[in-house]
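Asks: Protein chains in written order, with this note's numbering: chain A, 1 to 411; chain B, 412 to 823.
Take the hints with a grain of salt, since some may be wrong.
Said to hold, decoys possible - Short, incomplete list of chain A residues facing chain B, as computed with Cβ under 8 Å: (1) 60; (2) 76; (3) 175; (4) 200; (5) 221; (6) 238; (7) 266; (8) 299.
Said to hold, decoys possible - Computed footprint of chain A on chain B; a stretch qualifies when at least three of its residues, placed anywhere within it, have a C-beta under 8 Å from a C-beta of chain A: (9) 463-471; (10) 508-514; (11) 590-604; (12) 609-615.
Calculated directly from the structure, the hints in this document are not laboratory data. Just so you know, even glycine gets a beta-carbon here, dropped at the ideal spot from N, CA and C.
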Amino acid sequence: MSLPQINLPRGNGPLADVKLLDLSWIVAGPTVGRAMADYGATVIRVESPTRVDTARIVGPFHADEPGVEQSALYGNVNAGKWGITLDLRVPEARDIFRRLVQWCDIVSESFTAGVLQRWQLDYPQLRKLKPDLIMLSSTLLGQTGPYRSVSGFGSQGAGMSGVQYLTGWADRPPAGPFGPYTDYPAPRFALTALLAALDHRRRTGEGVFIDQAQAEGTLQLLAPALMDYMNGGPEIERRGNDDPQLAPHGVYPCSPTDGRSESWVALAVATDQQWRELAQLIGADPSLNLDQRLERRAPLDDAIGQWSSQRLASEVETALQAVGVSAHALSTTEDASHDPQLAHRVHFRRLPHALHGETVVEAPRYILSESPAEVSRPAPMYGEHNELVLTRVLGLTDNEITALAAAGALS
Amino acid sequence: MLSPYRVVDLSDERGVLAGQMLADLGADVIQVEPPGGSSGRGVAPFFADRPDQSIYWAAYTRGKRGITCDIESPHGRDLLLRLLDRADFLIESSDVGRMARLGLDHETVREHHPQLIYISISAFGQSGPKAHYVGSDLAIWAAGAPLLMTGDDDRAPLRVSQPQAWGHAAGDAAGGAMLALHARHQSGRGQHVDVSAQVSAAQATLGQILAFSVGAVEPERFGGGIKLRGVGIRGTADVLDGHVVVTLAPGPAIGHFANHAARWLVEIGAADRRLLDEDFVTYADRAAAGRADPDLFPRLQQLMRDEVAKRTKQEMLEVSIEYDLLLVPVLDVVDVAESRQLEARSFWREIEHSDGRRVTYPGPPLQILLDNQPMVDQHRQPPTLGQHNAEIYGELGVKADDLMRLRSEGVI
Numbered sequence: 001m002s003l004p005q006i007n008l009p010r011g012n013g014p015l016a017d018v019k020l021l022d023l024s025w026i027v028a029g030p031t032v033g034r035a036m037a038d039y040g041a042t043v044i045r046v047e048s049p050t051r052v053d054t055a056r057i058v059g060p061f062h063a064d065e066p067g068v069e070q071s072a073l074y075g076n077v078n079a080g081k082w083g084i085t086l087d088l089r090v091p092e093a094r095d096i097f098r099r100l101v102q103w104c105d106i107v108s109e110s111f112t113a114g115v116l117q118r119w120q121l122d123y124p125q126l127r128k129l130k131p132d133l134i135m136l137s138s139t140l141l142g143q144t145g146p147y148r149s150v151s152g153f154g155s156q157g158a159g160m161s162g163v164q165y166l167t168g169w170a171d172r173p174p175a176g177p178f179g180p181y182t183d184y185p186a187p188r189f190a191l192t193a194l195l196a197a198l199d200h201r202r203r204t205g206e207g208v209f210i211d212q213a214q215a216e217g218t219l220q221l222l223a224p225a226l227m228d229y230m231n232g233g234p235e236i237e238r239r240g241n242d243d244p245q246l247a248p249h250g251v252y253p254c255s256p257t258d259g260r261s262e263s264w265v266a267l268a269v270a271t272d273q274q275w276r277e278l279a280q281l282i283g284a285d286p287s288l289n290l291d292q293r294l295e296r297r298a299p300l301d302d303a304i305g306q307w308s309s310q311r312l313a314s315e316v317e318t319a320l321q322a323v324g325v326s327a328h329a330l331s332t333t334e335d336a337s338h339d340p341q342l343a344h345r346v347h348f349r350r351l352p353h354a355l356h357g358e359t360v361v362e363a364p365r366y367i368l369s370e371s372p373a374e375v376s377r378p379a380p381m382y383g384e385h386n387e388l389v390l391t392r393v394l395g396l397t398d399n400e401i402t403a404l405a406a407a408g409a410l411s
Numbered sequence: 412m413l414s415p416y417r418v419v420d421l422s423d424e425r426g427v428l429a430g431q432m433l434a435d436l437g438a439d440v441i442q443v444e445p446p447g448g449s450s451g452r453g454v455a456p457f458f459a460d461r462p463d464q465s466i467y468w469a470a471y472t473r474g475k476r477g478i479t480c481d482i483e484s485p486h487g488r489d490l491l492l493r494l495l496d497r498a499d500f501l502i503e504s505s506d507v508g509r510m511a512r513l514g515l516d517h518e519t520v521r522e523h524h525p526q527l528i529y530i531s532i533s534a535f536g537q538s539g540p541k542a543h544y545v546g547s548d549l550a551i552w553a554a555g556a557p558l559l560m561t562g563d564d565d566r567a568p569l570r571v572s573q574p575q576a577w578g579h580a581a582g583d584a585a586g587g588a589m590l591a592l593h594a595r596h597q598s599g600r601g602q603h604v605d606v607s608a609q610v611s612a613a614q615a616t617l618g619q620i621l622a623f624s625v626g627a628v629e630p631e632r633f634g635g636g637i638k639l640r641g642v643g644i645r646g647t648a649d650v651l652d653g654h655v656v657v658t659l660a661p662g663p664a665i666g667h668f669a670n671h672a673a674r675w676l677v678e679i680g681a682a683d684r685r686l687l688d689e690d691f692v693t694y695a696d697r698a699a700a701g702r703a704d705p706d707l708f709p710r711l712q713q714l715m716r717d718e719v720a721k722r723t724k725q726e727m728l729e730v731s732i733e734y735d736l737l738l739v740p741v742l743d744v745v746d747v748a749e750s751r752q753l754e755a756r757s758f759w760r761e762i763e764h765s766d767g768r769r770v771t772y773p774g775p776p777l778q779i780l781l782d783n784q785p786m787v788d789q790h791r792q793p794p795t796l797g798q799h800n801a802e803i804y805g806e807l808g809v810k811a812d813d814l815m816r817l818r819s820e821g822v823i
């Protein structure tokens with residue numbers, strides 16, 4: 001006999017009634033669940049006990065020590081969730097999964113297209129169990145099409161979306177953006193759509209299936225460049241930090257502080273007035289118009305670089321912002337941790353942690369004036385809440401859990 | 412999905428994607444521009460045959476309706492407030508302080524429009540020591556920290572050649588707007604959503620923004636890959652006609668992909684069958700304990716580089732699909748435009764503009780089933796300047812002769 005369900009402690013906030021079963025991994029999918037947990041949703045993160053989430057084995061690591069419980073990246077995208085391990089290759093684990101599907105409102109997953117189908121756990125099957133299910137399937141290239149089964153990280157997504165090609169110097173191979181770029185825009189599109197789906201279900205009772213190709217999210221951010229070519233314009237190439245409408249525009253060397261090897265400032269001149277202000281500071285011709293500045297880009301960049309390299313990046317930033325020119329020092333992560341603006345927004349949130357004493361996660365990327373986010377607990381350790389979830393949510397007995405473990409469903 | 416909701420979108424080029432995301436989900440989005448047109452209409456690139464028409468603006472106003480309104484004038488402000496009577500969301504991306512100066516900030520507007528969800532997108536946020544800083548794609552990317560991590564290690568750090576920072580912020584604005592909608596279901600009240608593009612940009616650091624805070628080393632930039640403890644690791648490889656992104660590593664997370672690569676190398680005769688005896692999932696631990704050949708994995712990497720270099724991007728993509736490798740081509744703009752995958756997913760859409768031109772656009776970012784049926788998206792041309800003035804002001808009860816007067820006074 002099963003025990004009566006007593007469920008998990010409820011969250012606070014606008015999503016307090018929402019239950020998410022989060023089978024996604026690494027960054028794009030888990031980031032969506034993190035955002036929902038911040039606003040009160042009950043999120044159960046399901047991990048494979050054998051295939052370690054890559055987010056656990058890339059840094060940054062606490063105290064710079066690698067290890068599956070050390071990653072601040074994993075911590076950042078999974079804070080506030082409950083964590084269980086299920087080996088879905090085992091039939092008994094799939095039974096547990098089906099029962100959790102009936103418990104939840106939303107399933108979020110990012111298996112390679114076709115994997116859930118083989119296990120009879122894809123949307124058409126789960127919909128039979130729960131017709132009003134909301135489900136997000138998020139992969140690099142989507143659930144359909146000839147390349148649907150391409151495996152990969154957002155680094156592969158960067159290749160397939162064009163952003164890898166479009167980041168670099170004109171005279172060199174592509175440098176590419178930092179990390180798995182398609183993981184960054186994707187959760188914004190997915191979160192917005194899932195919250196819209198909850199609203200839709202609330203009004204209509206209808207279930208919703210969302211097929212996300214993460215690369216297509218990045219294509220939205222590259223749309224102007226792609227549309228240009230597709231509508232008879234030129235093929236856009238990578239162009240360093242040059243901009244067709246802004247000059248000067250670039251990253252300039254500054255005088256390093258504190259034994260650092262380098263220091264830089266970003267600077268963007270958008271108007272003739274801004275140019276006059278900058279020209280006065282560096283001793284250049286203030287009368288140049290945009291076309292002239294674009295034409296003399298190289299010598300002007302040199303002149304700015306000579307001026308900036310005598311100064312601290314923070315001094316250049318302050319001096320230019322004081323006269324209305326867009327500039328900012330290139331932040332290291334140390335700089336970011338001391339940045340007064342990020343501090344003003346309480347961007348770095350400290351949480352007690354069983355292993356590390358304390359961990360740090362980022363705050364949500366928006367501030368809601370009347371619905372403050374609450375990061376209720378750090379990300380789960382591997383399988384930390386197996387027993388809690390199996391007993392409280394599914395009402396399993398100790399004997400049933402022992403049988404599951406013996407079948408290899410949990411480890 | 413969002414068809415019951417109306418969005419009044421005052422954003423310029425800095426936030427214009429947010430409203431489009433809501434439009435793609437079915438919301439009625441009204442782009443409000445000054446009578447002379449949004450500054451976003453001046454952002455490059457431009458249609459080749461129409462040097463005055465911004466592709467940037469077209470790309471992010473598709474699916475919206477459009478009106479003009481001089482919100483700097485008292486008449487225009489009144490019109491906007493009437494429009495807000497029936498609105499659920501307002502999105503704005505003005506310089507911080509401008510909306511307050513116009514008496515259109517959240518504090519003021521909520522008095523008569525308590526239902527309204529008011530979303531502000533700015534470079535650094537609505538308050539704080541840098542709130543009045545002048546923002547730009549590059550400065551935001553610098554302040555949010557991805558800029559220093561990007562680029563070749565022997566040159567200055569780099570941004571993406573198509574500006575990205577405001578797009579990330581707009582994406583967060585759409586998510587924040589929807590969270591506030593769920594809060595309104597509980598409380599009956601709207602609220603203010605304050606989006607900082609600096610914070611949005613920090614998403615593009617892969618959590619490295621936390622490195623110093625947790626005691627980890629600073630990340631270092633390395634073109635085409637990453638640098639770990641001073642050692643550059645290439646994540647790309649050369650092919651005959653360009654480059655591929657390839658991830659190859661032993662270990663429990665992705666070691667099985669290295670096994671797949673070994674199988675490919677053996678089957679094409681580039682490697683000895685004994686390579687198949689190794690399991691790269693467990694290899695790293697055994698190599699560290701002296702129970703596996705420490706040179707084996709580096710040899711696998713070199714073999715991969717050698718064989719990949721003899722093939723084209725397309726050939727390697729096909730190999731990658733057949734053998735399940737973590738390898739894809741670095742597509743350029745033409746490759747993306749001609750992608751068979753995007754074609755099969757009907758990603759590109761042609762829209763006929765009112766002047767008869769057929770213009771190719773990206774479709775919505777997601778494919779959605781409602782009750783198992785494909786969601787019909789609103790696919791219409793971006794509004795011309797003031798295209799829906801008569802229609803929308805008509806809905807507010809503004810009469811035709813009043814419209815004429817407002818036009819002659821320069822309010823619309």
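Asks: Run every hint past the structure and note whether it holds.
Replies: How the hints compare with the structure:
At its closest, the beta carbon of residue 60(A) sits 3 Å from a beta carbon of chain B; the interface hint therefore holds under the 8 Å criterion. Against a cut-off of 8 Å between C-beta atoms, the interface hint on residue 76(A) holds, since the closest Cβ of chain B lies about 5 Å away. For the restraint placing residue 175(A) at the interface with chain B, the shortest Cβ-Cβ distance is roughly 4 Å, inside the 8 Å limit, so the hint holds. The closest approach between the C-beta of residue 200(A) and any C-beta of chain B is roughly 4 Å, which is under the 8 Å cut-off, so the hint is satisfied.
Evaluation of the residue 221(A) hint against chain B yields a held restraint, the C-beta minimum of about 4 Å falling below 8 Å. Because the beta carbon of residue 238(A) sits about 5 Å from the nearest beta carbon in chain B, less than 8 Å, this interface hint is met. The beta carbon of residue 266(A) is positioned within 8 Å of a beta carbon in chain B (closest approach about 4 Å), and the interface hint is therefore held. Because the closest C-beta pair between residue 299(A) and chain B is about 17 Å apart, greater than 8 Å, the hint is violated.
Requiring three or more residues with a Cβ within less than 8 Å of a Cβ of chain A, the coverage given for the segment 463-471 of chain B holds, as 5 such residues are present. Counting residues of the segment 508-514 of chain B whose beta carbon lies closer than 8 Å to any beta carbon of chain A gives 0, which falls short of the minimum of three for the stated coverage. Here the segment 590-604 of chain B counts 12 residues with a CB under 8 Å from a CB of chain A, which clears the bar of 3, and the coverage holds. Note: the segment 609-615 of chain B has 6 residues with beta-carbon separation from chain A under 8 Å; the three-residue rule is met and the coverage holds.
Figure legend: structure checked against the earlier numbered hints; hints not met, in rising order: 8, 10.
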